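Participant: Sequence:
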Amino acid sequence: MSATFFARHPVDVARALIGARLALAGVGGVIVETEAYHHEDPASHSHGGRTARNAAMFGPVGRAYVYRSYGIHWCLNIVCGSDPGSAVLIRAIEPTDGLELMRQRRGLSDPRQLCSGPGKLCQALAVTREHDGLPIDHAPFAFAPAASSAEIVGGPRIGISKAADLPWRFGLAGSRFLSRPFPK
DNA sequence: ATGACGATGCACT
DNA sequence: GTGCATCGTCATG
Numbered sequence: 013m014s015a016t017f018f019a020r021h022p023v024d025v026a027r028a029l030i031g032a033r034l035a036l037a038g039v040g041g042v043i044v045e046t047e048a049y050h051h052e053d054p055a056s057h058s059h060g061g062r063t064a065r066n067a068a069m070f071g072p073v074g075r076a077y078v079y080r081s082y083g084i085h086w087c088l089n090i091v092c093g094s095d096p097g098s099a100v101l102i103r104a105i106e107p108t109d110g111l112e113l114m115r116q117r118r119g120l121s122d123p124r125q126l127c128s129g130p131g132k133l134c135q136a137l138a139v140t141r142e143h144d145g146l147p148i149d150h151a152p153f154a155f156a157p158a159a160s161s162a163e164i165v166g167g168p169r170i171g172i173s174k175a176a177d178l179p180w181r182f183g184l185a186g187s188r189f190l191s192r193p194f195p196k
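Following my numbering, the numbering of the first sequence begins with 13 at its first residue and continues without gaps.
No lab work stands behind these hints, which were simulated from the structure alone.
These numbers were taken from a predicted model, which means no experiment stands behind them.
Note that beta-carbon positions come from the ideal geometry of N, C-alpha and C, so glycine has one too.
Fair warning: there could be bad hints in the mix.
Claimed, not checked - DEER-style ranges, computed between Cβ atoms:
(1) Gly166 x Asp95: 32 to 40 Å
(2) Ala19 x Ser121: 36 to 44 Å
(3) Gln116 x Pro179: 19 to 27 Å
Said to hold, decoys possible - Derived pair list, reagent style SDA-like, types lysine to any residue, alpha-carbon separation capped at 20 Å:
(4) Lys196 x Val165
(5) Lys174 x Ala35
(6) Lys196 x Gly171
(7) Lys174 x Glu163
(8) Lys174 x Cys87
(9) Lys174 x Arg33
(10) Lys174 x Ala55
(11) Lys174 x Leu113
(12) Lys174 x Thr16
(13) Lys174 x Gly60
(14) Lys196 x Pro157
(15) Lys196 x Ala176
(16) Lys196 x Ala159
(17) Lys196 x Pro168
(18) Lys196 x Ala154
(19) Lys174 x Gly186
(20) Lys196 x Ile164
(21) Lys174 x Pro54
(22) Lys174 x Arg115
(23) Lys174 x His59
(24) Lys174 x Ala15
(25) Lys196 x Gly186
(26) Lys196 x Ala151
(27) Lys196 x Arg62
(28) Lys174 x Phe17
(29) Lys174 x Pro72
(30) Lys174 x Ala37
(31) Lys196 x Pro179
(32) Lys196 x Leu178
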């Protein structure tokens with residue numbers, strides 16, 4: 013399954029991931045926000061070629077690429093593409109499973125603040141470097157594609173300085189669990 | 001050995 | 001909306 017699902021352009025995968033279910037050790041929910049990073053994209057970590065950090069991006073599709081951001085947060089991507097070096101950043105999840113554990117890990121109770129950002133969702137699901145390179149559809153991860161096609165909105169990516177004009181951020185229309193609203 | 005720089009989140013104005 | 005913590009990674013000497 014994962015081969016056909018993830019072996020295409022990261023923009024296609026980023027859109028297809030909206031509405032999919034993702035969990036780690038039974039804690040997770042529905043993906044509501046993603047960003048695409050292509051191997052020829054200046055904003056992609058793979059742009060400068062393979063290094064120790066980004067090695068997972070050059071491995072098989074359907075695996076996790078986990079990196080540390082600002083020395084503080086973890087961020088979770090899923091490796092994809094028809095050529096090595098592309099991935100989709102998971103930016104927000106609507107929490108459905110393991111809410112109590114998430115609240116504990118985040119120190120918050122508001123469901124809308126548990127997974128509404130790439131660093132937040134990694135804290136809520138307890139994603140760390142240990143998960144770098146693991147298949148996204150095998151334990152401890154669980155993955156299920158969206159049952160039906162969702163209504164999707166797009167816009168510019170967040171927090172980058174290069175290729176900031178590419179509209180490669182996607183979200184579930186009307187969701188209250190986004191990291192930020194989409195511009196009109 | 002050292003320095004610059006983040007695919008962020010949170011506290012505060 | 002603005003400021004800043006905090007440290008791994010990579011390029012350079």
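Participant: Does phenylalanine 17 lie within 20 Å of lysine 174 when you go C-alpha to C-alpha?
Facilitator: Violated. Lysine 174 to phenylalanine 17 sits at ~28 Å, over the 20 Å cutoff.
Participant: Is lysine 196 close enough to arginine 62, meaning Cα to Cα at most 20 Å?
Facilitator: 37 Å, violated
Participant: Against the 20 Å threshold, does the CA-CA distance of lysine 174 and histidine 59 hold or violate the hint?
Facilitator: 11 Å, holds
Participant: Hinted pair, alpha-carbon criterion (20 Å max): lysine 196, alanine 159. Please report holds or violated.
Facilitator: 27 Å, violated
Participant: Taken at face value, is the distance from the CA of glycine 60 to the CA of lysine 174 at most 20 Å?
Facilitator: Cα-Cα ~13 Å, so holds.
Participant: Would you mind confirming whether the straight-line C-alpha gap from lysine 174 to arginine 115 stays at or under 20 Å?
Facilitator: 35 Å, violated
Participant: Could you grab the alpha-carbon distance between lysine 174 and proline 72 and see if it respects the 20 Å cut-off?
Facilitator: Roughly 26 Å separates the two Cα atoms, so the pair is violated.
Participant: Is it true that the CA of lysine 196 sits at most 20 Å from the CA of alanine 151?
Facilitator: 39 Å, violated
Participant: Are the Cα positions of lysine 196 and glycine 171 separated by 20 Å at most?
Facilitator: Given that 20 Å is the threshold and the Cα spacing comes to 18 Å, the pair holds.
Participant: Assess, step by step, whether the Cα of lysine 174 is no farther than 20 Å from the Cα of proline 54, and give holds or violated.
Facilitator: 6 Å, holds
Participant: Please verify whether lysine 196 and valine 165 have alpha carbons no more than 20 Å apart.
Facilitator: 10 Å, holds
Participant: Starting from lysine 196, check that the Cα of proline 168 is at most 20 Å away, please.
Facilitator: It holds: about 11 Å lies between the C-alpha atoms, which stays within 20 Å.
Checked against the numbered hints above, the structure violates hints 1, 3, 5, 7, 9, 11, 12, 14, 16, 18, 19, 22, 24, 26, 27, 28, 29 and 30; every other hint is satisfied.
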